[in-house]
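Each protein sequence line maps, in turn, to chains L and E. So that you can map any letter, position 88 of the first sequence is 150 in this note's numbering, and since no number is skipped, the others follow by simple counting. So that you can map any letter, position 23 of the second sequence is 85 in this note's numbering, and since no number is skipped, the others follow by simple counting.
A few of these clues could be false.
If chains are identical, the list can't say which one is meant, so a pair holds when it fits in one copy or spans any two.
[As the list claims (entries may be wrong)] Keeping only pairs whose Cα atoms sit at most 20 Å apart, straight-line, the calculated EDC-like set for lysine to aspartate or glutamate is:
(1) Lys64 <-> Glu316
(2) Lys127 <-> Glu441
(3) Lys71 <-> Glu182
(4) Lys205 <-> Asp181
(5) Lys127 <-> Asp364
Simulated from the structure, these hints should not be mistaken for laboratory data. Small disclaimer: the values here were computed from a predicted structure and weren't measured.
If you want the building blocks of each chain, they are given just below.
2 protein chains.
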Amino acid sequence: MKINGNFNKLQDSYLFFNIAQKTSEFLKKNPGAPIIKMGIGDVTLPLPQACVDAMKKACDEMGVKETFRGYCDYEGYEFLRQAIADYYKEYGVDVSVDEIFVSDGAKSDVGNILDIFSDENTVLIPDPVYPVYVDTNIMAGRKILYIDANESNGFTPEPDYNVKADIIYLCSPNNPTGAVYDRAGLKKWVDYANAQDAVILFDAAYEAFIEDKDLPHSIFEIEGAKTCAIEFCSFSKTAGFTGTRCGYTVIPKELVREGRKIGELWLRRQSTKYNGTAYIIQRGAEAVFTPEGRAQIKENIDYYKRNTAILSEALSAKGIQYFGGKNSPYVWLKCPNNMKSWEFFDYLLTKCYIVGTPGSGFGKNGEGFLRLTGFGSYENTLIAAERIKNTL
Amino acid sequence: MKINGNFNKLQDSYLFFNIAQKTSEFLKKNPGAPIIKMGIGDVTLPLPQACVDAMKKACDEMGVKETFRGYCDYEGYEFLRQAIADYYKEYGVDVSVDEIFVSDGAKSDVGNILDIFSDENTVLIPDPVYPVYVDTNIMAGRKILYIDANESNGFTPEPDYNVKADIIYLCSPNNPTGAVYDRAGLKKWVDYANAQDAVILFDAAYEAFIEDKDLPHSIFEIEGAKTCAIEFCSFSKTAGFTGTRCGYTVIPKELVREGRKIGELWLRRQSTKYNGTAYIIQRGAEAVFTPEGRAQIKENIDYYKRNTAILSEALSAKGIQYFGGKNSPYVWLKCPNNMKSWEFFDYLLTKCYIVGTPGSGFGKNGEGFLRLTGFGSYENTLIAAERIKNTL
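Using the sequences plus the hints, can you model the full thing?
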């Protein structure tokens, strides 16, 4: 019996553990210090009432023989997939119901999709990065190449045709940097992927935060993407589903590699290792797309975006450079006075009682940066902004 | 870009497709024939009211800021893990909360657990079998050995010390045969696994159907199992959660291979490729263990078991040999007159208007057998039993 030896190559992430530890040590020395946590990556507003109502109705249906539902389709109920397809139409993207696969969240899909690709593929990942892209490939023993996302390319790096890769990760709006690819930027990646038969794994988990009309919500707004991209999306940040768990993956029928339709391989994977998403949850997700649901999620997203605007304005006032802050819940700031990420973390904690997330925790190019988020409360965000303005 | 070539080695299962097709062809020729579907593997009774009420309460909590829950622990909420640990105590099994991992279902876990084991391991699978055990290992390219489960060993085969295996699948009560291992039988497997450093993947999805006091509900009732077994269980058949999705996996701390605690590897896998089970669903699962929930699931399980008893009695009356039928929702009958599985399927369809599941669809040792289930309605089961008695 051998374990998967690649697990021994995984590095444990102590990022959030270290943040928690430093914060609690500070509080021990400074009891009652009015600390504000601005590093949080989780939503804080409750679920939209439309979702709550839809799920309660679905609970009742499950308690009655005539409306009870057993095993659902592996790819999700058509009522939800149709609502998702209709949403895509708003951005001019034509995806059919059988190109949409519902799941318990984008994180599961982003990890599990790798089952259908050979371990011999080379992976290209931007740095800084959401650590899951890296760890899932280390587990499979794939060769990983990194591409630098940094100040000089505005954290939206372009492809380098000298680098050969089979699987490419793109996340836009980006976690952690908040940077967003425009159409021209994404088109370069689509052309590159098509040129070398690669597949782009496009993480669109934050698309609902985009407000600029010209920025693409979906990679399928880009010509040529249907032959080279898979898109992952989630209700987590769109509708506060981080603890309710629903997402979806879009695989166009045109996406074929080695003569196999990638969507068919994914359905085979899911029908073998997954048993569908709970009916109750799918009804909650469907409600996100109703007029009431749309209005309620807009209110919540606007609330978070007001927070990022307040933080951004405070940083601007102090002449501190940042990325994101708009079209994204994240504000990715350059630590002032050439401070390192943890150095500025300490400074911000001890001087402003603000807890951020050190950028170095997301990769080498994150060094010298720090992530703040708009997911806190309005009141605390106002106080945090005042402290930044008065202290830094 | 290469796909995972092992997907090309998978055989598509046409079992249920073929059943549906033959049934609809028969109905075309015999419009209005009062067909009864007894091949169904899905539950039909609604969720217990205790679960519905608990989930509706949880929905309301998610709609209020003060009680809203975001990301949950990867391993599940402690309230549910504690309830599961308490349930194990009833069978004299001592598992601690941090040995229990909640998920969206046993099928996901049974497939995903393989991520933590090397692809070089050899797998031992009883035949006939739930096809998922086979396909998940074909996807990873593992060598698969089969062990014969048949009439002569009562479909509970014993280990053969001449066969070397690293990963062993056991399902008891068994799908599709309904056979149940007794303590002595399981002890032989535990000893065998410990002797060769193998790990048993024990599927206990049907444990709630066991009524004989002497039969083990959990492999951890067997001495020595904690150093060689992982147990998978589910609320799907216990509480009608097939469309609600919740299960759990138990990995004892004593289970160590190559110096690594298997439970830690699993948590690392889950924290990287899974984001926890929905709060609402976990509250529903917790309610299964309340006094009301326990009473309600007992009523449902008794209803299904009354059906299997009716079917068993009809078969006995006709001198047809069967396995299962007790301690299991499945009745695994030997086709009379040496008929093959599909031959008897046709006979049963055309003479009795009953749809069963041909045993050959579960592996070579299933040939000559047919599976009926107790998951239909009481009324239909009575009619089916009458037809068997009057026609066969």
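Task: Hints the structure fails to honour - done: none
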